[in-house]
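As they're listed, the protein sequences go chains F and H.
Under this note's numbering, think of the first position of the first sequence as 92, with each following residue one higher.
Under this note's numbering, think of the first position of the second sequence as 603, with each following residue one higher.
Keep in mind that the hints were calculated from the coordinates and are not lab data.
Be a bit skeptical, because a hint or two may be false.
To be verified - Beyond 10 Å from chain H on every Cβ pair, some chain F residues (computed):
no. : residue
1   : 144
2   : 179
3   : 239
4   : 243
Said to hold, decoys possible - Simulated coverage check for chain H against chain F, where a stretch passes if three residues somewhere in it have a Cβ under 8 Å from a Cβ of chain F:
no. : stretch
5   : 696-708
6   : 779-787
7   : 801-814
As the list claims (entries may be wrong) - Dumping the calculated DMTMM-like pairs for lysine to aspartate or glutamate here, alpha-carbon to alpha-carbon at most 25 Å:
no. : chain 1 : residue 1 : chain 2 : residue 2
8   : F       : 370       : F       : 343
9   : F       : 194       : H       : 678
10  : H       : 718       : F       : 146
11  : F       : 275       : F       : 286
12  : F       : 209       : F       : 244
13  : H       : 845       : H       : 612
14  : F       : 366       : F       : 453
15  : H       : 718       : F       : 118
16  : F       : 206       : H       : 782
17  : F       : 113       : F       : 159
18  : F       : 209       : F       : 286
19  : F       : 204       : F       : 167
20  : F       : 223       : H       : 782
21  : F       : 223       : F       : 187
Quick reminder that beta carbons are idealized off the backbone N, C-alpha and C, glycines included.
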Amino acid sequence: MTKGRVLLRGVMKSFGAVDVIKGVDLEIAPGELTVFVGPSGCGKSTLLRLVSGLELPTGGSIMIGDRDVTCVHPSERGIAMVFQSYALYPHMSVAENMGFGLKIAGLPKAVIKEKVAKAAEILQLTPLLDRKPRALSGGQRQRVAIGRCIVREPEVFLFDEPLSNLDAALRGQMRVEIARLHAKLGATMIYVTHDQVEAMTLATRIVVLNAGRIEQIGAPIELYRHPANLFVAGFIGSPRMNFMDGIVEAAEADAVHVRLNAATLRLPRHEGDVKPGAKVTVGIRPEHFRVGSAVDAGDDQAVEFDSVIDLVERLGGETLAHLRMPSLSDGVLVVKISGDIPLRIGTGLRVGVRLAQCHLFDADGRAVGASAARVAAVAA
Amino acid sequence: MSLMPTPRRDIAWIGRANALVRYGVLIGVGLIMLYPLFWMVAASFKPNHEIFGSVSLWPRDPTMDGVVKGWRTGTEYSFATYLLNSFAFIIPKVVLTVVSSVLVAYGFARFRMPGKQLWFALMVATILLPKSVLLIPQYLMFREFGWLDTYLPLYIPCAFATDGFFVFMVVQFLRGIPPDMEEAAVIDGCNSLQVLWHVVVPVIMPAIISVALFQFMWSLNDFLYPLIYLSSVGKYPVALALKMAIDVTEATAWNEVLAMSTIALLPSLIVFFLAQKYFVEGITSGSVKG
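Required output: the full structure, derived from the provided sequences and hints.
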């Protein structure tokens, strides 16, 4: 059963002399909700458009289900797409918008009406069927755009930043609706976003793209816990991971001693290979620091350092402290503390680091000990 | 407490005076610009001797003479024939212009083709070309086709999007419209022509109406091309008929000419006001959004 499977092999795309997609291998299993994330211009939207057929690749092949669709017309690929701008037809009513594809396909009116009614019910659009798009709110428009996809009963749903035109409250609501829809329809979905929260909450698997290449593929929590490289480590998680440059002092079987500015950390490790003298980067997520009583003095896996508060951002539920920790780094480190703690700029703060939660990257930016093979495994 | 109302009244007074001056100037200039038009309409209802004998706008002895005699014209045909003649080539001209301009503009705005920039520049260059430069070669060509004294030379060229200005206008309008809708239509299974018909045309309707209106008005007012290609009086359009009325006798019946000019204005005015809403949207939105 390969209905709904998407398989990309060595897909490349250039616009003139600019290589936007530089060879992507990816397999998306049937029923998965795969999220493409990456910074602006990383090629995530282009990759989605290649799957949709709105752009044709300059190299490689694309398969949907059992068919090679590399050069097949978008309407015959078994896909449907939701655009960032909704892309509804302004002169047609909601019902006409949803049924347009079926009308072009030459289906009888009664069948179109029935399918539109069914999709409208799923999306609670039934009372709006006779309205024009301009009489709808942003969220309703987006639901119509999704309805237009459902009516086509595609193998694969494609979402191109579908929520970025909505305000924050509506975005959260629509995110839940999309997750619910995915659970209900069980169809394969590919979702492009630059919003980490959307990626983390919706995805079965996340594909992190950078400069036209896949940096890492994995379940959201896996990317968070085991980023394969500096890019993914910095991209997933908010606020971003703190990075500190260091040099390996000694490598033991079960630990690596890394010399930072004025301190040496003894980081436990499970695998990977680093040599003394090698330049490395230590990464610590802002939420993995411990402040005040939370530091367990007896825990030999935790080390404490003195810091000076540079800036405080109080978000209510949590507090972001920007700290200067000369023993660890010359730069400013961000620490996330849960709760609203009164902190004064310029005062000192004692901060603990749990060594087991530190990430270690080699000079090329690859995670030491992370299975780099995971990235390449898909190609097989 | 007692001080407050004074400045307020001052501000209100200054605002009103300001508006008075502004609207006064606007109305004054507007009247000056429209005076010839009013004079023409008024003169249609004056007897011939009064036209040059009095400066008054209002006719002293109002008469329908000019309208009645003018409608009959000095020829064997009534003015209705000339009006119908005008429509006989203007309607196909407008239809062909709209169809061809939209097709070509859609091509320029949405498709990748080799040398597109060059072709577009060439097309824009034809807008700058003086029409009179082409008169002689075109005349010779249409004579070879045997199209002289027919309406064909007046509208067949429009089938090939020869009015670069209209193509340019629609291209600019299309550039202001995001292509997402068209991509959605492609995914919905449309081919390029279906996208054009089902999605693009309804969306660019204001621009299309502007094109049709401009072409309608300019063609109705066109004097030179009918003069060159038409030789039988029975085929003359309105513009030539008016000129003919001046030529026929030495003592021109100006009230008849002006009455017919007024009638000749009506189709343009009617069409313009019917489509005014779209027309204004068409010329502005193309520039603002683009």
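So, going through the hints one by one against the coordinates:
| no. | hint | verdict |
| --- | --- | --- |
| 1 | 144 | violated, 8 Å |
| 2 | 179 | violated, 7 Å |
| 3 | 239 | violated, 7 Å |
| 4 | 243 | violated, 8 Å |
| 5 | 696-708 | violated (count 0) |
| 6 | 779-787 | holds (count 6) |
| 7 | 801-814 | holds (count 3) |
| 8 | 370(F) <-> 343(F) | holds, 16 Å |
| 9 | 194(F) <-> 678(H) | violated, 56 Å |
| 10 | 718(H) <-> 146(F) | holds, 19 Å |
| 11 | 275(F) <-> 286(F) | holds, 23 Å |
| 12 | 209(F) <-> 244(F) | holds, 11 Å |
| 13 | 845(H) <-> 612(H) | violated, 58 Å |
| 14 | 366(F) <-> 453(F) | holds, 10 Å |
| 15 | 718(H) <-> 118(F) | violated, 38 Å |
| 16 | 206(F) <-> 782(H) | holds, 24 Å |
| 17 | 113(F) <-> 159(F) | holds, 20 Å |
| 18 | 209(F) <-> 286(F) | violated, 31 Å |
| 19 | 204(F) <-> 167(F) | holds, 22 Å |
| 20 | 223(F) <-> 782(H) | holds, 18 Å |
| 21 | 223(F) <-> 187(F) | holds, 9 Å |
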